[in-house]
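**Student:** Residues per chain are reported as follows:
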Amino acid sequence: MLLEVKNLDAGYGYLQILRGVSLNIDEGEYVGIVGPNGAGKSTTMKAIAGLIAPMGGSIAFNGEDITGLSASQITKKGISFVSEEMNLFVNMSVQENLYMGAYIIKDKKVRNERLDFVFSLFPRLVERKAQLAGTMSGGERKMLAIGRGMMSDPKLLIVDEPSFGLAPQLVSHVFESIDALKSNGVTILLVEQNVTKTLAVTDRGYILENGKVGLQGKSSDLAANPHVKKVFLGV
Amino acid sequence: MITILVAVVASIVSGPYLLVNTIITGGMLALVATGLTLMLGVLNIAMFAHGEFFMIGSLTAYYVFTPISNYINENPDSFLVVIGPLIAIACAAVIGAISGIVAEKLVFGPLRKRATDNWVMNSFLLTVGLSVLLINLHQLLFGADFKGIVGYWSGMPISIADVFISRDRAMAFVIAAVVVAIFWFFMTYTSTGMAIRAVSQDITGAQIVGIDIEKIVLLTISLACALSAVAGGSLLFMYPSYPTVGLEPLYLAWFVVILSGLGNILGAVAGAFMVALLKAVTVEYIGAGWDFVVPSFLIMFVLIFKPSGIFGSDVRGALDK
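Protein chains in written order, with my numbering: chain A, 1 to 235; chain B, 1001 to 1321.
So here's chain A without its partners, still in its complex pose (with noise of 0.2 Å):
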């Protein structure tokens, strides 16, 4: 199992979200979280990076404990965040903030392959190289980050609603490149408001509400199951 997260409890403050969230991945999987604003989704996801301390429970990766590491550890250990914000580089160039993401990588052979498999994914990005991050589209600063997040040659990468704020076709442009990296054989966890659509890209989903988890299974079971139709998709 890569990622074993056990009875979690976050929050910020004195605020309690999340209560005994538990959830794994396996090793190339493409994992989606899904569920109503507020249901904690952001808060897990900022909790298994490290942005967050943990009030509970614990998290292991690739067989060690992780809980409560600092998110620049984690980073180093193999878990790549891009974040909904997506925390670019505004004043830096899309090169830059690609060098950037490969921070903890030293030898700069591997830090210019990686720049390479990142451009290959995103050709888009080569003809921005030169252009700072704050001045491109949503689309690409999207985009961007999901390249950062790429460049760290990480086990795990953590997409954190890529559609927040994006036009329709836009939305289907950044799926589409992360179902070019699941091609990749990268291991996915996804986290969405569009409940369709994750259900119909992901192998595997949990359905958080109110801090925990209420439904988990096989993503076509999980779009079929009544409760789900009923509360999240409206028919």
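None of these hints come from the bench; they were simulated from the model.
Misleading hints may appear alongside valid ones.
[Said to hold, decoys possible] Here are the simulated BS3-like pairs of lysine-lysine, each with C-alpha atoms no more than 30 Å apart in a straight line: (1) B:K1105 to A:K77; (2) B:K1215 to A:K109; (3) A:K182 to A:K229.
Go by the hints and put chain B onto chain A.
**Tutor:** Leaving out everything else, chain B in the frame of chain A:
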């Protein structure tokens, strides 16, 4: 552009020595101001104790250079005649960096762990306190008298285009230019320099890509303080070390930072020369007492019409929450 124009006109009218003064003060001011910019951009600290690191630099240079200069007087052919001043300035940089680290460990680090909100205000008050503390510590330990030297490099002044520039002044400019150039290269091309910029632009993003924030914070504060100490050390021949020697460079550096925009390193260098020129021209044409008044006026206008500064961008501080 306007700066260059004013510089040319002024140097034609009242002689090139004005230009020389501008360049030397500008170069040194650039060092102090880039340090200040770094502190503001990366750590989000409005640093009002930066002048005291200038003072620490000049004090260190004084105590290192005095025995060297005694030795030089006895052995005028020693290699120390050339290298000695550089050793003193290098020592100033090292001590400046160390005192920066001490300040972070004792003062800013504990505040960062405990402060939940209002970081900007609290850290600003802390720097003012640190400034008062260091000034009085200097007075207590070393006395309030002027601790100066006659000069770093002896010998005939260098003559460029009919202007005689003392060797100390020429070297001060060379040091400032070299340090700013190295610093710029470091920030632009090395991955550590990029990491510093990354932290100043988006701290969460920096954590995500695996940058160790604490290390960068420590590096930044030591770099910023070292830059200020280098300026203090190199200008020892002009400004002898005394408890409040750092206040003037501090105010001028704040003029520069406000004028050029917060968190813009290259802008700070350009701004430093603008302020230095303004000061030199004011002293020349209006009178020495006005040299703080005119830049202050300019800053008021800049804040009214372009609050982000002349070269300003919307860079947010690291700990802006």
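**Student:** Now look at each hint and say whether the structure bears it out.
**Tutor:** Consistency of the hints with the structure:
Taking the CA atoms of K1105 of chain B and K77 of chain A, the gap is about 28 Å. The hint holds against a cut of 30 Å. Among the hinted pairs, K1215 of chain B with K109 of chain A is consistent with the structure: their alpha-carbon atoms are about 25 Å apart, no more than 30 Å. Restraint check: the Cα-Cα separation between K182 of chain A and K229 of chain A comes to about 27 Å, which is no more than 30 Å; the hinted pair holds.
Consistency note: the structure conflicts with none of the earlier hints.
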